[in-house]
Amino acid sequence: METGFLQEQKVLEGDLNSENSHQNSVDFLMNWFRKQSIFVLAYGTGCGAIEMPPTFTSRYDAERLGIRGAATPRQADVIIVSGYCSYKTLRRIIRTYEQMSNPKYLLALGSCTVNGGMYWDSYNTIKKLEDYLPVDMYVNGCMPRPESILEGFIALQKEIGEGKASSWQKYEENYEFYRKNQEAVLGKKVEPSYEADWYLYEGGL
Amino acid sequence: MFSEIKNRFATDDVEVKRKGLYKVVVKHERLFALIVMLKEMYDYKTLNTITCTDWIEEGHFALTYIMTTLKRNETFMLQTMILREEAHTKSLSYLFKQAQIMERDLHEMYGIKFEGNENLKELSLENWVHTPPLRREFDTLEFVNNHLTFRDGRDDNIDTKAESKRLRAIKKAEKEAAKKAKESKKAEDVQ
Ligand code: SF4
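Just so you know, the sequences run in chain order A and B. Residue numbers 0 to 204, in numbering that gives the first Met the number 0, belong to the letters of the first sequence in order. Residue numbers 0 to 190, in numbering that gives the first Met the number 0, belong to the letters of the second sequence in order.
Just so you know, these hints were derived from the structure itself, not from any lab. Fair warning: this is a prediction, and the values are worked out from it, not measured in the lab. Take the hints with a grain of salt, since some may be wrong.
Chain A stretches covered by chain B per the calculated footprint, using a threshold of three residues with CB under 8 Å from any CB of chain B [as the list claims (entries may be wrong)]:
(1) 84-90
(2) 94-103
(3) 106-118
(4) 124-132
Cβ coordinates follow ideal geometry from the N, Cα and C atoms, glycine included.
Chain B with its partners taken away, still in its complex shape (with noise of 0.2 Å):
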């Protein structure tokens, strides 16, 4: 199976990460011919998940399809990489019924287009107009800096490490003189 998939579809050795667990990196136009041919021919029938991950600094996303056959208890990791500017690739949901939901997920948080699904609207978010949030060049803390307000500190608060020097150093001053005084109190009690 591996020398095939070498042959057929990766330019790099099928990875073995352990016992059970593959990964091969593919070019993105072999990626479905692979998955069909894993699908029919060697009972990886579940797709487990969609993940994606964001190399911004290579200008590209990389798509990792996850699939398991349990008639092997084995898990195939299968990697291919997209653009990032107007990210699009095809719809599994022709093929697995769950990657639908899947690519509705992925097209809200990054907003990469999977052409042939045919319901891509927002899952978890309501009515978001700004960058797909999981994008790395959507700037997290500046959107909340620019979109919500946040409680003023109090009045009286006090800067804590400061204000725990100050009391440490009271403390020690009142241990010294107390120090002090019972070395005094004892020079009297001999003289």
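Okay, chain A solo, but in the shape it has when bound (with noise of 0.2 Å):
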């Protein structure tokens, strides 16, 4: 297939039997768009985390491939939640996630959120990320090394530009089941309280 401004004018040309009829040629447009340019929140949990700055900076150069890193979740595409979730962080990446807008995408990393890892028998991180959020990509190993995270990353941008990568519609449209399993786990109240009276108040950190 032929790429940039060529592949464009062949869209737009429009080819019905294309194995991406089911696409329009604006939505393929949006997509290709999309995946060209995917901004990653620095954000980490776990220990996969310490596996991100060198996939980011001018080891691995993530940004060759339009990855890049964003500061805040409004402007991010891609949350990597980079290994073992606590209660306490799945509350963050909860209210993190949801502050993002769309089309967003989750990229889990290490098997502690394929299978709680190494974590298994663990009273205080959940087992199972995608019980809780949507997940549209995993990369296993523990850790994955930069190359994987970058070859999950490759694998995401294919499913972006085939635009079947649409878990933040999964989540709307599922929203009582996910909130369902986070109500099990995190009690009636999933969003963290933002008092920050636990390390303000007088003799608290």
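Once you've looked at the hints, go ahead and assemble the two chains, each given alone in its own frame, into the complex.
Spelled out as structure tokens, the structure:
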């Protein structure tokens, strides 16, 4: 398949028999743009976060693929859950994820997000991330090297390009299911409190 | 110093673990007087940590207060036992500021009540309603099985032991067959 300008031209001319005929030209173009510029929220949980700086800096240079950091959830397209999530972290992740604007994608790193990993018998970490948030792409390994992270990103880009990565829609459609699971571990009040009293309190931290 | 401690506070001798590291077991009522004495008279100005060990069989917690003096580079471990049921003791936060957060941690993990500590809110857990997690009657595995879901195994997952056994048997058979073929070929050549 041609890329760049030629591809755009082809899409605009339209071919209903092509493999992407379920997308109309505008969809296809939008997805193509989206996959070329992925802004990743600078946020890490668990040990896998340590592999992200090399991925994004000169050694592995994810920016050559159009993948770069974003400072706030409102500007980001992708959130990486880079390892085990304790209940406390999960609260923050859910809040952050819900703050991100559509379209948004979730990339989960490490075996901890797949099935608890080596924290499988810990009372304080969740085992299966997809019960609580929709996951677009899992990258397994404990911990995944930057090469595998990049591979995961490329696979994600492919899915975005084909219009298949639509976890945010899934989240909206099945919100009750996700919310039920979230409440099962976090209690009725899922959102973290922002009172900050636990460290500002006199004699606090 | 040691004889004084023994006479006034403890039933046992002060144990010298190695040079500059001492340990003594005292009754709970005497503990705070001893801490004050060590602090005021023997320069143990630093409270390093308060640890807790759960002796569930004997029905008590062992609290260990570790104090250091920089002047002589010596460390003192003071151990005391408190009952597990409705465990409570007095707070040290009026003597050492850092005790406040150590006690808060112990309160969270073991459910020990420290009277006089004005902030015993949760430190690293959030909205925890079950048994304090480091008490030994808290069964982690049971908790996980009751509260969390695991991923089912793959449909095509295989018992690795049986599988490797099978593969090894196949390899062995192949090897033997090759050996036999070689031998028979040799015999033919000789003929
Ligand atoms: S998968 Fe391994 S490296 Fe990643 S968070 Fe879990 S224990 Fe840490």
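Status of each hint after checking the structure:
Check on the segment 84-90 of chain A: 3 of its residues sit with their Cβ under 8 Å from a Cβ of chain B, so the three-residue criterion for coverage holds. Counting residues of the segment 94-103 of chain A whose beta carbon lies closer than 8 Å to any beta carbon of chain B gives 0, which falls below the threshold of three, so the coverage claim is violated. Check on the segment 106-118 of chain A: 3 of its residues sit with their Cβ under 8 Å from a Cβ of chain B, so the three-residue criterion for coverage holds. Remark: the segment 124-132 of chain A is confirmed as covered by chain B, as 4 of its residues place a Cβ nearer than 8 Å to a Cβ of that chain, reaching the required three.
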